[in-house]
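Visitor: Build the full structure now, drawing on both the sequences and the hints.
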Amino acid sequence: MISNLQTIPANNQFIVVQSIWHSEIYMNIYSQTGKIWKCTLIRSLNFLNASDVAYRERNRFLEAETSYNHDELAASVDTLHQLNADQKAVFDNLRKTYSPSHKQITDNSQWEMFLDGPGGTGKSFLLEKILAYVRQKGSVALALAGSEIAAQLLTGGKTAHSAFNLSLDHHETSTCNIGSRSFDAALLKRTNVIVWDEAPMTHQFQYEALDLTLQDLMKNNMPFGGITMLLCGDFRQTLPVIQRAGPAEVISSTIKRSDLWRYFEWLRLSINMRVQTSRNPQTAAEVGASFADYLLQVGDGRHFISPTLGPDFIKVPEDMLLDICSLPQSNIEE
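All the letters of the sequence shown, read from the start, carry residue numbers 1 to 334 under the UniProt record's numbering.
Nothing false has been slipped in among the hints.
Using 27 Å as the maximum straight-line C-alpha spacing, the simulated DSS-like pairs for lysine-lysine come out as follows:
#, residue 1, residue 2
1, Lys219, Lys137
2, Lys158, Lys189
3, Lys158, Lys137
4, Lys88, Lys256
5, Lys88, Lys158
No lab work stands behind these hints: they were computed from the structure. Model, not experiment: these values are computed from the prediction.
Guide: Have a look at this one:
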């Protein structure tokens with residue numbers, strides 16, 4: 001990390017901060033003989049206190065979360081009228097619980113929410129509005145996801161593992177690898193809202209590790225240190241991936257099995273916007289009553305199960321099947 005530092009006798013080392021630029025700190029190391037070694041210390045060194053002015057000003061993580069284009073944020077907030085009834089209810093709920101100053105809340109208030117958003121219900125559209133609203137207020141809203149692909153769909157999105165330094169080798173007493181004086185800690189202390197998409201993919205121990213870490217950093221014994229948490233996803237889809245684990249073990253690893261789950265308010269989006277925005281209204285109504293509902297039946301386990309084949313097989317309605325033999329060759333190729 002520091003070139004030639006080991007060649008300087010300890011009693012001859014004298015370090016002077018010469019300049020600070022972005023996340024790197026350039027320093028001169030002087031010895032009594034007058035020889036100079038230049039070196040670069042990367043941001044992971046914690047010898048500087050996070051409260052130092054220069055350190056805080058050059059925290060590129062915090063800079064990125066506080067430098068969004070205000071005109072673009074305002075333009076996004078101006079389209080809130082496009083939210084449907086379900087989306088508006090979720091937005092209003094978060095707006096009432098979100099606090100720019102991390103004030104204490106009453107016992108009957110909930111800052112933790114889980115948004116059940118099946119595919120096509122406009123979850124990503126809603127999350128963008130929530131992020132824009134919080135950021136326009138001058139607050140910090142972290143956009144996270146359980147996978148890199150999902151993170152790319154959110155403005156400023158990143159994976160939860162990279163944002164919180166979550167350990168892959170997690171257990172009941174795990175904590176996040178975040179030093180109290182690190183850049184990551186400085187960012188989290190300024191954070192007001194965390195939006196976490198594809199949340200069901202994350203192991204419950206990792207949520208508990210984050211909870212302990214945030215309580216310690218925020219000096220607040222409320223869940224997640226008093227930060228508003230909006231977890232999103234669909235438990236009908238991918239759950240935590242555990243090597244050589246059976247269905248029962250996978251299910252028991254979700255956040256629903258954590259003591260933290262009792263603090264979450266369950267919200268749901270039920271209007272399928274992909275169906276609603278179809279160019280053919282009649283077709284949209286038919287699809288909404290059949291295919292979209294059928295997918296939810298499969299996800300909820302309400303579909304027909306053959307006593308012979310067992311629950312691992314589903315029966316697809318005949319009106320959803322294509323008779324390949326009767327189709328023209330040109331249609332099949334297309």
